[in-house]
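Listed below, chain by chain, are the residues.
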Amino acid sequence: MTEKELVEFRAEVAAWFRDNAPDDPGFLLPETFMEVGTDEQFEFLRDWQHKVYEAGYLGMAWPKEYGGGGRPQILQDIATQEMAKARVPFMTNTIGLNWAGPLILKMGREEDKKRYIKNILSAEDIWCQGFSEPDAGSDLGNSQCRAVRDGDEYVLNGSKIWTSLGTYARHMILLARTSTEGSNKYAGLSYFLAPMNVPGIDPKPIQKLTGEYGFCQTYFDNARIPADCLMGQEGEGWNIAMVTLTFERGATGGQAGGISSMELTVNDVVELARRVKRNGKPAIEDPDVRRQLVNFLIESKSNRLMGVRSTIPALASEWPTAVMMSGKLRASELNRRLSRFALSMLGANAARFVSDEATDGGKWQRGYFNAFSATIGGGTSQIQKNIIGERVLGLPKD
Amino acid sequence: MTEKELVEFRAEVAAWFRDNAPDDPGFLLPETFMEVGTDEQFEFLRDWQHKVYEAGYLGMAWPKEYGGGGRPQILQDIATQEMAKARVPFMTNTIGLNWAGPLILKMGREEDKKRYIKNILSAEDIWCQGFSEPDAGSDLGNSQCRAVRDGDEYVLNGSKIWTSLGTYARHMILLARTSTEGSNKYAGLSYFLAPMNVPGIDPKPIQKLTGEYGFCQTYFDNARIPADCLMGQEGEGWNIAMVTLTFERGATGGQAGGISSMELTVNDVVELARRVKRNGKPAIEDPDVRRQLVNFLIESKSNRLMGVRSTIPALASEWPTAVMMSGKLRASELNRRLSRFALSMLGANAARFVSDEATDGGKWQRGYFNAFSATIGGGTSQIQKNIIGERVLGLPKD
Amino acid sequence: MIKFTDEQSMLLETAADFCRNHGPIEKVRASLDADDIDRGLWQEMSDLGWLGINVPEEYGGLGLDISSIVPVVESMGRYLLGSPYVSSVLVAECLASCGSDSQRSEWLPKIVAGTIGTFALTEEDGSWVLDDIEAVGTVSDQTLHLTGTKMFVTDADVADLIIASVKIDGAVRLVLIERNQIPPGNLSREVVIDQTRRSFRLNLDGIEISASQVLAGSDLKAIELNSMLMLCAEMSGGLTGVLQVIVEYLNTRKAFNRLIGSYQSLKHPSADIVLSLEAAKSHLYYAATLVSDGDDNAETAIRMAKAQASEAFAFAGDRAVQFHGGFGFTFECDAQLFLRRALWCQYQHGDENYHCRLLEPLLLDQAV
Amino acid sequence: MIKFTDEQSMLLETAADFCRNHGPIEKVRASLDADDIDRGLWQEMSDLGWLGINVPEEYGGLGLDISSIVPVVESMGRYLLGSPYVSSVLVAECLASCGSDSQRSEWLPKIVAGTIGTFALTEEDGSWVLDDIEAVGTVSDQTLHLTGTKMFVTDADVADLIIASVKIDGAVRLVLIERNQIPPGNLSREVVIDQTRRSFRLNLDGIEISASQVLAGSDLKAIELNSMLMLCAEMSGGLTGVLQVIVEYLNTRKAFNRLIGSYQSLKHPSADIVLSLEAAKSHLYYAATLVSDGDDNAETAIRMAKAQASEAFAFAGDRAVQFHGGFGFTFECDAQLFLRRALWCQYQHGDENYHCRLLEPLLLDQAV
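Chains as they are written, first to last, in the numbering used here: chain A, 1 to 398; chain B, 1001 to 1398; chain C, 2001 to 2368; chain D, 3001 to 3368.
Excised from the complex, chain A in its bound form:
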């Protein structure tokens, strides 16, 4: 496509989002798919994703025959960028769009692609994820949830935790143990595209530290799922999970596109500083606030520039994997500190919580609490630093 066509397309998308951005629903929206805690929030977000898909701005580069747009990836990238700029709500079927969908397109059977892809895009079928377990810690290899073959079914027993959208999901990507033998703990794991509406599968909402909901612990009690839910072969679960995680990290392409969270930027906080008062004066005039904002602006600029620079091979550092391996650590810790800092600009009103009287409905306080989901989930920040020390710098293991 020509540069001109791209520019025109960008303008078209921008206009569409400007014209179609949903009105304020009158309740505080979640900022990521992990924070969908009420039916009204869920329905609002599902409808919005559906509308974006219908407009053609989601899954644009996915194959046409399965419901995608069949167009160049660059168009989806532009649409995603404009979606972010327009600051509209995120695409709520995140697990489907970014994990399950790309995986099915890459490794799934033809029938899976036909069956699942379109409904992932339209938000008709919500997907959830069943990797973590309550007592397994950060190592997925410790998964104990069992799947035992019985005729043309698998019988599931055990539980999975941090299942976001668990109560709304129709399918789950599930890592379960089909064997306790094998050369190592990874060998007995298998991967399933499991239905959720089956007797014996029970997602129980977990109350978060915010007091809200958004995650479940999903219990399996002799739940029977069809044997053809197995993806690949028995025992290949670990490898397929690793492929899935590369989609999570965004290291490879293939996702449907669309924003998956309302990313908090430093500019949002600068904007907040302009309109709130800390101690009777605009926060932006407070010397401590100013200094902190500059530090945050430098830090977020660092993160953006790292991504750019690391794509230029001649400018790689002596530790070329550092940027890639640290993305989650940098983003999640910045987000935690940034939302924490935003609070401090509110003076005494920092001590409010989600309510009409709170600044922006309490999103800053809630945002700080929710920020821990990323500094903890997917390997805590402490584990991330170990990984950087060991895999990037080559330091010895603990």
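To be clear, the hints were calculated from the coordinates, so they are not data collected in a lab. The reader is advised that the hints may include incorrect statements.
Estimated spans, in silico, between C-beta atoms of each pair [what the hints assert, rightly or not]: (1) B:1179 / D:3257: 47 to 53 Å; (2) C:2001 / B:1275: 25 to 31 Å; (3) D:3272 / A:23: 41 to 47 Å; (4) D:3272 / C:2056: 52 to 58 Å; (5) C:2132 / A:8: 52 to 58 Å; (6) D:3257 / B:1018: 41 to 47 Å; (7) A:81 / C:2029: 42 to 48 Å; (8) A:331 / C:2001: 46 to 52 Å.
Below, computed lysine-lysine pairings styled on BS3-like, alpha-carbon distance capped at 30 Å [stated by the list, open to error]: (9) B:1397 / A:185; (10) C:2221 / A:281; (11) A:397 / B:1185; (12) B:1085 / C:2003; (13) D:3254 / B:1204; (14) B:1277 / D:3167; (15) C:2254 / A:328; (16) C:2254 / A:397; (17) B:1064 / B:1106; (18) C:2221 / A:277; (19) D:3003 / A:85; (20) A:397 / B:1397; (21) C:2003 / B:1397; (22) D:3254 / B:1185; (23) D:3254 / B:1397; (24) C:2027 / A:204; (25) A:185 / C:2254; (26) D:3167 / B:1281; (27) D:3254 / B:1328; (28) B:1204 / D:3027; (29) D:3254 / A:397; (30) B:1277 / D:3003; (31) A:281 / B:1281; (32) C:2254 / D:3254; (33) C:2167 / A:277; (34) D:3003 / A:328; (35) B:1328 / C:2003; (36) C:2110 / A:281; (37) C:2254 / A:204; (38) D:3221 / A:4; (39) B:1281 / D:3003; (40) C:2003 / B:1004.
Backbone N, C-alpha and C define an ideal beta-carbon position, used for all residues, glycine too.
With chain A fixed as given, assemble chains B, C and D onto it according to the hints.
Relative to the frame of chain A, chains B, C and D by itself:
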């Protein structure tokens, strides 16, 4: 003694130090006994200690029969306080006054007391310390330096490191291995009051990161010392070393008194901020400097108040050993950060080093570099935090 | 430099026992966002005489100074107890110093007996400068007509008297509002971060009080400093509580086959936290001593204590959540209770940045 | 957003090889506080054409812009090489933009051929504001009489020309002082923290130059920003160097029977350092790109880069000493060489506090 007598005594001491404080020698003095790097520094400091002892303000509470003052400890405490207030140079024979002397008084033989104590006070005999070894890390139990009994002598082989005043010392408190057998590595260690002027003992100055000297590595090459240098029995070395270390930590009384370093205080840095320019303006007017100074003032106040509060049993926290176990960590890290910060107030002149053109002759730059001796020596700050985590909080070992 | 009398020791011991007994965390959880205060707890406190500790003997109190309350409040903070205790005690302190003879005679004996008092000082912009207000009292005849809105009025629904700040003829004055003078509908519950607090918005519009309900004095600084001393006590106790939660988990939970407390990335920050607790406790009792002595440096000591503890407790709360991993992200984990308490305390009467800036002239611009 | 041409890539590769070959640490150590620069090294740099990279082609240079120097200086920083390279290149840049035709024709070809240039800008109070000076030039007839004192004039003893800032008729102007115009005794060596630097105090009193030696322009800001870009390049290289030293030691030294790199208290700060290096390198090449593009945001990018790298490199140097334990405390350990370099770079042209304050209006007070 009455309160009135104490007040009078304090005035008398203050007056003496005011009248007798030595003139600026024309060269930059060291700030601790570990930094004595030149003969002129050493001689100046030795003479000064001698003068203070002659005036009666050192070892005041040590027994009269060995050269002490035989007076109440409170008087020495007052004298030490006034010495600190007068900001006169420190008492350079630190190992003798604070480690070897108290140890000999507590555990030594009568003949040792008679032989050593007075000359420790008068600085006639300088003492040094031989505990650490180059490859032993922080665990003294790994000491390899050998002492083999041969008739009425011990034959020493090996080396000790961080021997301050090594080239000036007449005696060393030495931890050496008399046996490689025994139930554990600590059992084979013995303790010596060793002479330094013996063939085969060779203290070689180590150049510090400042470029100056102050420590030695002391080599023992078939050096023969009299067998009666052994303190206690063979194999008791570890225990005696532990007693010595309690004197180092100042946890028990018994030291001769007198200041052993020119302690850097936050007030010194505030005073510096008043008289130097950072970027053309008095540093004290710079908002970042002001904020930092307040933080340091709070931190140093914390340290002082902790010491006071921890003596009130009713106000002990649930971790009552925290204050005592953290003294070195808190003081040494504050000192490192404080001297580092002081540098930053000097603008471009921060980049000078010891010379006439540097602010205060370069003591701030040198002070920062020398500050690492305490964050590293005697167990690094990292080890100190382990100790607090494990022994104070009861967390598991690494 | 730090004084602690036998009397205070005894009080501390009683308070520690009392709060331990009343402070199992299940009880605290049951009280979150409750419609009423724990009346039984309140009665017991009153029976113990705690509401009269700082009330002059002539009004039935013990006649000790406000700093004697510190060990009691610290113990409450340790177990996250919520009650109108601090506000009532501070109201008594304010009445004793700023009230008229008749106001003192009327109210102090009642407070000793369990009458609840609270303050209405903060306004919508959340300013920590107490005389930076817009509420107004207009006198006509002997009646004072109030207008304006107050925020963060704790336990306002159960308070028998509320001391509010309003501008009368341009000057900030304190007025005493009685419960029956507040029209229904003028109070609305606020959602605050610390769910052990019961906080209200008080609309002053339409409230009319007698001109005799204006307090003689209006020492806002005394209110600020006394409140801060109490917050420091709560924070010192809270730091102890949260560190216990951390240490217990670090000694129980395993990851990669090791107790997580063995990892330096958790162990070392925990060491930092215990040292910050030791500092907070020390600043607290030093400040209490200076207050008790009427020392001019009490302001400096209190602001230092508030700045240090605010930062330390908020850090500890944040790390407590993080160190609990996935469990830390749940409402069920107690770490969040302490984090919420820490944030409340930090943003009442000014955070560390605010106080450090106020300390600059006190510490740096005077002759050394 | 970040551009890096093939030309620059080739230069980087050559520079990296060259500096690696000239940079064994023993050679650097031998050069500390040396009486003369390494003449052989200088000749080789000159032979490689490095002194003409940013000199217009008409004067024998390559005609590239100053940002093309960045990879060369970064490589030098990596191995702690010391030389008058940066000052000479910056003098050429300054002459090219501020010099008269005749000044350019006279000096630029010489610099390309190896003539050494340096600046005399800073004065005794160490101010980073370059027009905050007291040195004066007084014109009488066609002679300019200079008075005042300059500090941190690097390699002044071997420089053939020194560009100094002085006030003439109240305005800050740049003047070009030739080596033979400096009376003996007007130069004295300074003791500076980075021993790879050869720094001098220049007494201007008694120096007389021709009025034609005043530069036409006096763009101090360009000098400041270009110098800072070079400092950022040195710091990015230095961060790489010091991290290598740290990693090597952490993978070799044991304590309590474990390699010390296995302890999280050393491993995690090392992870922080590598991320700060990645950031520094990214800010550096972004700033270089904007400089090359003549983008208005170059100032912001350079100040950000300087602030970030100053803090990061100084932190890394400090930790490098600490992590080496007892060995770190010795002159023999290379950690101190990097720490000293870091402190020099941090305090030339302003540290992070200085630049962050200057960034405030640039970043916060404009329309979003």
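Structure-based check of each hint:
no., hint, in the structure
1, B:1179 / D:3257: 47 to 53 Å, "22 Å, violated"
2, C:2001 / B:1275: 25 to 31 Å, "30 Å, holds"
3, D:3272 / A:23: 41 to 47 Å, "44 Å, holds"
4, D:3272 / C:2056: 52 to 58 Å, "57 Å, holds"
5, C:2132 / A:8: 52 to 58 Å, "54 Å, holds"
6, D:3257 / B:1018: 41 to 47 Å, "55 Å, violated"
7, A:81 / C:2029: 42 to 48 Å, "45 Å, holds"
8, A:331 / C:2001: 46 to 52 Å, "47 Å, holds"
9, B:1397 / A:185, "27 Å, holds"
10, C:2221 / A:281, "20 Å, holds"
11, A:397 / B:1185, "27 Å, holds"
12, B:1085 / C:2003, "25 Å, holds"
13, D:3254 / B:1204, "25 Å, holds"
14, B:1277 / D:3167, "21 Å, holds"
15, C:2254 / A:328, "23 Å, holds"
16, C:2254 / A:397, "17 Å, holds"
17, B:1064 / B:1106, "15 Å, holds"
18, C:2221 / A:277, "22 Å, holds"
19, D:3003 / A:85, "25 Å, holds"
20, A:397 / B:1397, "16 Å, holds"
21, C:2003 / B:1397, "38 Å, violated"
22, D:3254 / B:1185, "18 Å, holds"
23, D:3254 / B:1397, "17 Å, holds"
24, C:2027 / A:204, "25 Å, holds"
25, A:185 / C:2254, "18 Å, holds"
26, D:3167 / B:1281, "20 Å, holds"
27, D:3254 / B:1328, "23 Å, holds"
28, B:1204 / D:3027, "25 Å, holds"
29, D:3254 / A:397, "13 Å, holds"
30, B:1277 / D:3003, "40 Å, violated"
31, A:281 / B:1281, "27 Å, holds"
32, C:2254 / D:3254, "26 Å, holds"
33, C:2167 / A:277, "21 Å, holds"
34, D:3003 / A:328, "26 Å, holds"
35, B:1328 / C:2003, "26 Å, holds"
36, C:2110 / A:281, "40 Å, violated"
37, C:2254 / A:204, "25 Å, holds"
38, D:3221 / A:4, "39 Å, violated"
39, B:1281 / D:3003, "40 Å, violated"
40, C:2003 / B:1004, "23 Å, holds"
Violated hints, in rising order: 1, 6, 21, 30, 36, 38, 39; the structure is consistent with all others.
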